[in-house]
Amino acid sequence: MTPAEKMAIKPQDMPSQAPEERRHNMREVALGYTEEMAKTEASRCLGCKGAPCVDGCPVKIRIPEFLAKAAEGDFDGAIGVIRESSLLPGICGRVCPQEKQCQANCTLGKALKDVGKAVAIGRVERFCADRQRESGKTPLPQIKPSTGKRVAVIGSGPAGITVAADLRREGHDVTIFEAFHKPGGVLVYGIPEFRLPKAIVQSEIDSLKAMGVKIETNFVVGRTSRISDLMEKEGFDAVFIGTGAGLPKFMGIPGENLVGVYSANEYLTRANLMKAYDTEHAHTPAIVSCKVAVLGGGNVAMDAARMALRLGAEEVHLIYRRTEKEMPARVEEVHHAKEEGVIFHTLENAVEMLGDDHGCVRAIRCLRYELGEPDASGRRSPVPIPGSEFDFDVDTVIVAIGNGSNPLISRTTEGLVVTKRGNIVVDENNKSSLPGIYAGGDIVLGAATVILAMGEGRRAAKAINEYLSE
Amino acid sequence: MYRIVEKKNLSELVFTMKVEAPMIARNRKPGQFVIIQVEPEWGERIPLTIADADSDAGTISLAFQAVGLTTKLLATKKEGEELAAVLGPLGNPSEIENFGHVVCVGGGFGTAPLFPIVQALKAAGNKVTVIIGYRTKSLVIMEEEMRNLADELIVMTDDGSHGRKGLVTLPLKELCDSPNPPDRVIAIGPPIMMKFCAETTRPYGIKTIVSLNTIMIDGTGMCGGCRAVVGGETKFVCVDGPEFDAHKVDFDSMMSRLRAFSPQEKEMLEKHRCNLQEAADAIAAKEAK
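So the sequences go chain by chain: A and B. Counting from 1, position 180 in the first sequence corresponds to residue 180 in the working numbering; the numbering is continuous, with no gaps. Whatever position you read off the second sequence (first residue = 1), add 1000 for the working numbering.
It should be emphasised that the hints constitute simulated quantities derived from the structure, not laboratory data. Some hints here could point you the wrong way.
What the hints assert, rightly or not - Derived Cβ-Cβ restraints for the label pairs, each shown as a range:
(1) B/M1255 to A/K233: 39 to 45 Å
(2) B/E1095 to A/E370: 22 to 28 Å
(3) B/E1041 to A/E20: 26 to 32 Å
(4) A/H358 to B/A1124: 38 to 44 Å
(5) A/H358 to B/G1166: 50 to 56 Å
(6) A/C290 to B/D1250: 25 to 31 Å
(7) B/N1009 to A/S203: 23 to 29 Å
(8) B/P1040 to A/K60: 37 to 43 Å
(9) A/T217 to B/E1199: 38 to 44 Å
(10) A/D393 to B/M1255: 23 to 29 Å
(11) A/K291 to B/P1203: 42 to 48 Å
(12) B/E1095 to A/K338: 48 to 54 Å
For each residue, glycine too, the CB sits at the ideal point set by N, CA and C.
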C-alpha cells in the first residue's frame, strides 16, 4: 500500500457499551477490537522513518514492528515484540495516555492534523494482549539459574510488578510485600473494573507467581518489619520501594471533614477493592448519594465520577478550576464521562463545604475562575473572579486533587533522603541514598501513570541486577 | 495464617481472641492496632487495638465488642478457625516514660487496649491509678487483671451494680483535686467518655491522651477515611495517631464521622441477619454436642 492509500483507511472506532446502559453496570466500557479491526487499524501505520512513536513510549516498545506483524494477522509475532519491552500490555493498552505519548508523535496523526486520527496503537496493543491471554498461551519468561540473591519489593503496583518480574528473570529470589490483602496496588484499589477488569490484573499476578515470585500480603513495610530488618535479619540483599503515592491530598478548606466528603482513594477503594458496589455480598458499606460533586480533572477524578453514577447517584458534577484543555485526564476518559452523563463545570472551584446540623455535607461554596498567565507547569493558571461565589447543593463530595507521598517508609528508614514533599530522592538508576535500596514509581515521581511507573521499575531492576552482580 | 488459638467471652458482647500473627506479636508496642478482615472475598476491613501479645507464642490478643456486622461475624468464629487478614502493627506506639503519677481511664471494652499501656507505664516506674467504667455489672471486664497491675483501681458502673456508682469522670475529677493529682491522664473508651475526660482535665491543664478508633480501610494513610481534626488541623489517625492530645481533639466532628455509615450498617446487619443466625446456631449445636 502507498502512504496515500494508508492515509485513506478509516480509523477504527473502539466498540463500546452504550452510555445509557454502561452507566448502570461495572462491566468494561471499551469492548475491544475484533481481529479484522485490529488488522485494519494496524495497517494504517506508515512505517515512517525514525519511528517517532517509539520515542514517545516510556518503555520503548518497537511499535512499527508490532503493528506490521498485526497488520499481517501475525498477532503472536506482534505480542512477542511488545513483550520484549512491556510486561503488562493488556493493562497498558487500556490505561496508558497514548494521545500524550506514542500517538502524540504519530506521523499519520500529524499528516491528518488530528492526534485523534493517529494510529490507535494502544487499542491494537490491547487486542494482541487480550488474544494471547484468552488463548491461555501467555509464555512464561525464561528464568536464569538461581543467583542465591534475595530482593524485597515493597508494593505490588505497576512499578513493583515490573521490578519483580525483571529480577526474577535474572535468577534472583524475589518477594513482594503488599499491605493490602490483595496484590495489584492501584490497579486493584484505584482503577475501576469498568476501565480495567480485575481478572486481567489477576492473570498478571498469577504469571508472577508461576515465575516463582513470592507475594506476602498483609505486610506493611515500616510497621510489620522495617527495611533495615529485612536487610539485616531476613537476609535480603536489595530492596525496591514502589509504595506509590498513597496519601490523599485535601483542599485545606473549611468543612472538608464533614460526613459525605471522601478522598477519591477512599471512594474508589471502597467500590473497587472492597467491592462495595455489590450490596448483596459486600460487608463494606456502599456510599449512597443523590448529588455528587467531584473536585479535580485527572483520571482519578473521572474514575470517581463515573463510579458515582454506577453506585446510583442521580447527578454527578465534576468541578475543575481550569478548562477542559488543561485537564490531565486521558481524552478517552473525559469523553466517556461526558457520554455517561457526568456534568462538567470548568473554571470553577470549591472554597468551602457547608454542613447540616448532623455534620453532613449539604452544599459546596464555589468561586468562578478565568485563565491568566501560564504557571510553572506551562498551563494557564486559573485566577478567581472576585464576588463570583455561589452555593451548590450536594450530598457527597469526592476530592480528587492528587496524592502526596506516604510517610510510613521515610519515617521508619533512617538515612533515606526524601524531598520536601516526601518523595524519595534517587539517582538516574533509581538508587536511593542508602546502599542496596532503590525506589521508583509514584513514591519518586509524585502522582504519575502506570506506564511511567513501569519504566522506572524497569530501570531500577536493571540497576539492582548490576548491583547484585558486583 | 491468623488462626484463632483462644476465644473468650468476657461479658455479654465483649470478646477477646488470641490470634496467630508472629511478626506483629514480635514488633508491636503498646498503643498500636491492627486492621482485620474476617471474610476473604467480601469482608470489611476494620481496626482493632492490640490488647496484648505473646512474642514467644507468636500471638496477639484482640478485644472487640460485637455490635456491627464485622464484629458480630468475628464473634461467630471459633478457636481453630482463621481470619482472612490481619495487618499491623499500625499507628504510633504510646509515649511511655516516667511521668510520675498517671491516671488511666478505660471505658467499656476500651479497658482491654488500655491494659498493655498500663503494663508499660508500670514498667517505666510510674505510679498508675486505673479507673474503669461500665454501664452495668454484667459488662465489667478485666477487673482482676487491672487490680493486679495498678497501684490503685477504681471500678465504676453507671447503675451502681458493681463498684462505685457514676461515670469515670467523677473519680477523675476527685483525683485532679486531690493533693496527689495526676501528671498525665490516658483515656480509652467510647468517644463521648474520652470527650468528657478531656473536659474534666482541661481546667487543670493536665496533659491528657486519648486513643481514637475511627473508620479505616487500609490503615496506612492511603484512604483518608480516618481523618480527625486535632488542634484545628486535619490528621490521619492511622499514620499520625492513634493517640492525640485530648484537649486538641474535635470530638464532635469525630463522633459525626463515626456515624457516617450507620444507616447502611443497620441495613446490612438486617440483610445478613440470617447468616449470622445460622452461624450462631451452628456454634450452639456444636457446643451442645
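Right, here's what the structure says about each hint:
no.: 1; hint: B/M1255 to A/K233: 39 to 45 Å; result: 42 Å, holds
no.: 2; hint: B/E1095 to A/E370: 22 to 28 Å; result: 50 Å, violated
no.: 3; hint: B/E1041 to A/E20: 26 to 32 Å; result: 31 Å, holds
no.: 4; hint: A/H358 to B/A1124: 38 to 44 Å; result: 42 Å, holds
no.: 5; hint: A/H358 to B/G1166: 50 to 56 Å; result: 30 Å, violated
no.: 6; hint: A/C290 to B/D1250: 25 to 31 Å; result: 27 Å, holds
no.: 7; hint: B/N1009 to A/S203: 23 to 29 Å; result: 44 Å, violated
no.: 8; hint: B/P1040 to A/K60: 37 to 43 Å; result: 39 Å, holds
no.: 9; hint: A/T217 to B/E1199: 38 to 44 Å; result: 43 Å, holds
no.: 10; hint: A/D393 to B/M1255: 23 to 29 Å; result: 25 Å, holds
no.: 11; hint: A/K291 to B/P1203: 42 to 48 Å; result: 44 Å, holds
no.: 12; hint: B/E1095 to A/K338: 48 to 54 Å; result: 52 Å, holds
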